[in-house]
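With chain A held as given, fit chain B onto it using these hints.
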Amino acid sequence: MRNSDSRYALFWLCLAGVVRRGSCWLVLLGLFVFVWGAPLLTPWDEKPQILQPARAQAAWIYVWMVLFTWIPFQAAALGRRLRAEGLLEFLRARGEGAFSVYLQMGAAVAVWLVALVLLACGVNVMWCSPKDPMEAQLWLGLVAQYGALFLVVGIPLCLLGVALGTKAGEVVAFLAPVSLLFCGLIAASWLVPLLAGSDLTLFRSAWVLLPHYHLADLTPRLIFKMGPLGWAQFRDTLVCLTLQGVSLTLLGRCLLRTRS
Amino acid sequence: MNHTFFKPDSGGDTARQPRLSISHGTKFGHRTGLGWNKKMRVLVEAPSDVQLTAGLHLFVAPNGSGKTTLMRTLAGLHPALNGGAAVTGRIHYVSDQMQLDEELTPRAIFRIWFSGDALISATRLAERLGLEVGCVFGKLSRGNKQKVLLILAETMAADSGPSLLFLDEPLAGMDAETRAVVAEVWASTNASILRLVVLHELEAVRKADSLFTVCNGELRHTFERAGDSWSETCRRLRAI
Numbered sequence: 001m002r003n004s005d006s007r008y009a010l011f012w013l014c015l016a017g018v019v020r021r022g023s024c025w026l027v028l029l030g031l032f033v034f035v036w037g038a039p040l041l042t043p044w045d046e047k048p049q050i051l052q053p054a055r056a057q058a059a060w061i062y063v064w065m066v067l068f069t070w071i072p073f074q075a076a077a078l079g080r081r082l083r084a085e086g087l088l089e090f091l092r093a094r095g096e097g098a099f100s101v102y103l104q105m106g107a108a109v110a111v112w113l114v115a116l117v118l119l120a121c122g123v124n125v126m127w128c129s130p131k132d133p134m135e136a137q138l139w140l141g142l143v144a145q146y147g148a149l150f151l152v153v154g155i156p157l158c159l160l161g162v163a164l165g166t167k168a169g170e171v172v173a174f175l176a177p178v179s180l181l182f183c184g185l186i187a188a189s190w191l192v193p194l195l196a197g198s199d200l201t202l203f204r205s206a207w208v209l210l211p212h213y214h215l216a217d218l219t220p221r222l223i224f225k226m227g228p229l230g231w232a233q234f235r236d237t238l239v240c241l242t243l244q245g246v247s248l249t250l251l252g253r254c255l256l257r258t259r260s
Numbered sequence: 001m002n003h004t005f006f007k008p009d010s011g012g013d014t015a016r017q018p019r020l021s022i023s024h025g026t027k028f029g030h031r032t033g034l035g036w037n038k039k040m041r042v043l044v045e046a047p048s049d050v051q052l053t054a055g056l057h058l059f060v061a062p063n064g065s066g067k068t069t070l071m072r073t074l075a076g077l078h079p080a081l082n083g084g085a086a087v088t089g090r091i092h093y094v095s096d097q098m099q100l101d102e103e104l105t106p107r108a109i110f111r112i113w114f115s116g117d118a119l120i121s122a123t124r125l126a127e128r129l130g131l132e133v134g135c136v137f138g139k140l141s142r143g144n145k146q147k148v149l150l151i152l153a154e155t156m157a158a159d160s161g162p163s164l165l166f167l168d169e170p171l172a173g174m175d176a177e178t179r180a181v182v183a184e185v186w187a188s189t190n191a192s193i194l195r196l197v198v199l200h201e202l203e204a205v206r207k208a209d210s211l212f213t214v215c216n217g218e219l220r221h222t223f224e225r226a227g228d229s230w231s232e233t234c235r236r237l238r239a240i
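Residue numbers (the working numbering), protein chains in the order written: chain A, 1 to 260; chain B, 1 to 240.
Bound-form chain A, shown alone (with noise of 0.2 Å):
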């Protein structure tokens, strides 16, 4: 049996080529590190009962700060680099179809995400989780809620980074992202009433085009132990950055540039 085309070659080359670099597995372990460090650098020697809620809010702060730092830039030099090869026109001229190469090198960045989450996610229900059953169960739900709406958040942001990296330079394709992440997640507090509460069109529709990455911040419900959102306002806030998402995605998709 001849086979030469390996199902989703491009996802396992650009993934092998971010292994090999080392980098990811150090991502990995700093979640550890951070989760295990950071919390003691609070008081908690006066109430050691914040300990716990300090660690799942390390977990998720490290997987924002991932998502700030070393995935865009993964995705950023990945996207550049296949370009500068020419492995994307190879594959162009083969018959490749745009959208499998642009969702494979996508892939090979948002797997760490997908990675780093799951990790995140184990830490809460493994070490953070509270000891009654009931609010262990909430908590449970909460965890996986988050998951959830990060991924939604993140993975879209990956393949706009890689489609910027194929098209522009590597800052600009690092820098795009990152300032989507920034006004969707912490600006977006700072302009609620300057544009929502505007009598202003304009400003109100400013308003609903930016990013709403903050609906997906349940940091404040982990810390005070709020239990999971309610089922309609989770999926309203799931439709809504999937809707975002999905948007990226395709924006990415036009942006995205096999030729060398």
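Derived by calculation from the structure, the hints in this document are not laboratory data. Note that the coordinates shown come from a computational prediction; the quantities given were computed from them, not determined experimentally. A couple of the hints might just be wrong.
Said to hold, decoys possible - Listed next, the in silico DSBU-like pairs over lysine-lysine satisfying Cα-Cα at most 30 Å (straight line):
{"#": "1", "chain 1": "A", "residue 1": "Lys-167", "chain 2": "B", "residue 2": "Lys-139"}
{"#": "2", "chain 1": "A", "residue 1": "Lys-167", "chain 2": "B", "residue 2": "Lys-38"}
{"#": "3", "chain 1": "B", "residue 1": "Lys-39", "chain 2": "B", "residue 2": "Lys-27"}
Stated by the list, open to error - Derived, one-sided and incomplete: chain A residues facing chain B with beta-carbon distance under 10 Å:
{"#": "4", "residue": "Ala-9"}
{"#": "5", "residue": "Ala-16"}
{"#": "6", "residue": "Arg-20"}
{"#": "7", "residue": "Arg-81"}
{"#": "8", "residue": "Ala-84"}
{"#": "9", "residue": "Glu-85"}
{"#": "10", "residue": "Phe-90"}
{"#": "11", "residue": "Gly-95"}
{"#": "12", "residue": "Pro-220"}
{"#": "13", "residue": "Met-226"}
{"#": "14", "residue": "Gly-227"}
{"#": "15", "residue": "Pro-228"}
Stated by the list, open to error - So these bits of chain B aren't anywhere near chain A, every CB distance computed over 10 Å:
{"#": "16", "residue": "Arg-16"}
{"#": "17", "residue": "Lys-27"}
{"#": "18", "residue": "Arg-41"}
{"#": "19", "residue": "Ala-54"}
{"#": "20", "residue": "Ala-75"}
{"#": "21", "residue": "Gly-76"}
{"#": "22", "residue": "Gly-83"}
{"#": "23", "residue": "Arg-90"}
{"#": "24", "residue": "Ala-108"}
{"#": "25", "residue": "Asp-175"}
{"#": "26", "residue": "Ala-183"}
For glycine and all other residues, C-beta sits at the position ideal for the given N, C-alpha and C.
The following block gives chain B in isolation, referenced to the frame of chain A:
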């Protein structure tokens, strides 16, 4: 104006032969300038129809004469300025600038791309060409990098049914012994592969099916070998 059109084959129909047709008047080149003032910069024009089937077809022309532009156009990566070309079969285009991940070894690259018999034949070809498959791509010499790309393209083409293999200066950086081995490989396996190979030195290639050259922007082509070698054929073709 007709545009280049392509009929890429999915690779399942092995009975079909790979074909390449360039119709007369087809112009290869670039469009320069802004939208309202775009001008055509024609590098190569085909004065007559060209029909190719499986075999080894050499392409020898001076630097800057438009070889790469023509190859990229045939590979579907660049639009033709005028006319059209029809392609039947799966295209494998290896540019002279192509690279692979410099942190991966050829062994890892082959294992990712191939399995089963294809992996065995890629490994055999690597042994035949004297390629060190355990060294990372970034640390290989120019000639060895070319070997990796050549093995990749040859194995894919051999496994994809009717295939068109466009190789842009694949022998660059290779030693004379390796060039001779590559020429042997090309001579021995051409049943379902149409190879269009850009070369600057023809000494290594004894057996080929046709030769292209570009002279004063005109694409010239012959199936007949004149004189003792394809080098001599090229000289005569250019002197017409």
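Hints, verified against the model:
1. Lys-167(A) with Lys-139(B): 28 Å, holds
2. Lys-167(A) with Lys-38(B): 23 Å, holds
3. Lys-39(B) with Lys-27(B): 13 Å, holds
4. Ala-9: 5 Å, holds
5. Ala-16: Holds. Min distance 6 Å.
6. Arg-20: Given a least distance of 4 Å, the restraint on Arg-20(A) holds.
7. Arg-81: 7 Å, holds
8. Ala-84: 8 Å, holds
9. Glu-85: 4 Å, holds
10. Phe-90: Cβ of Phe-90(A) sits 6 Å from chain B, so the hint holds.
11. Gly-95: Where the cut-off is 10 Å and the nearest Cβ of chain B is about 4 Å from Gly-95(A), the hint holds.
12. Pro-220: 41 Å, violated
13. Met-226: 45 Å, violated
14. Gly-227: 45 Å, violated
15. Pro-228: For Pro-228(A), the interface hint is violated, since the closest Cβ of chain B sits about 41 Å away, which is over 10 Å.
16. Arg-16: At about 15 Å from chain A, Arg-16(B) clears the 10 Å cut-off, so the statement holds.
17. Lys-27: 20 Å, holds
18. Arg-41: 18 Å, holds
19. Ala-54: 18 Å, holds
20. Ala-75: 4 Å, violated
21. Gly-76: About 6 Å separates Gly-76(B) from the closest Cβ of chain A, which leaves it inside 10 Å; violated.
22. Gly-83: 20 Å, holds
23. Arg-90: 6 Å, violated
24. Ala-108: 6 Å, violated
25. Asp-175: Consistent with the label, Asp-175(B) stays out of reach of chain A, its closest Cβ about 24 Å off (over 10 Å).
26. Ala-183: Holds, because the least Cβ-Cβ distance between Ala-183(B) and chain A comes to about 23 Å, which exceeds 10 Å.
Checked against the numbered hints given earlier, this structure breaks hints 12, 13, 14, 15, 20, 21, 23, 24; the rest are met.
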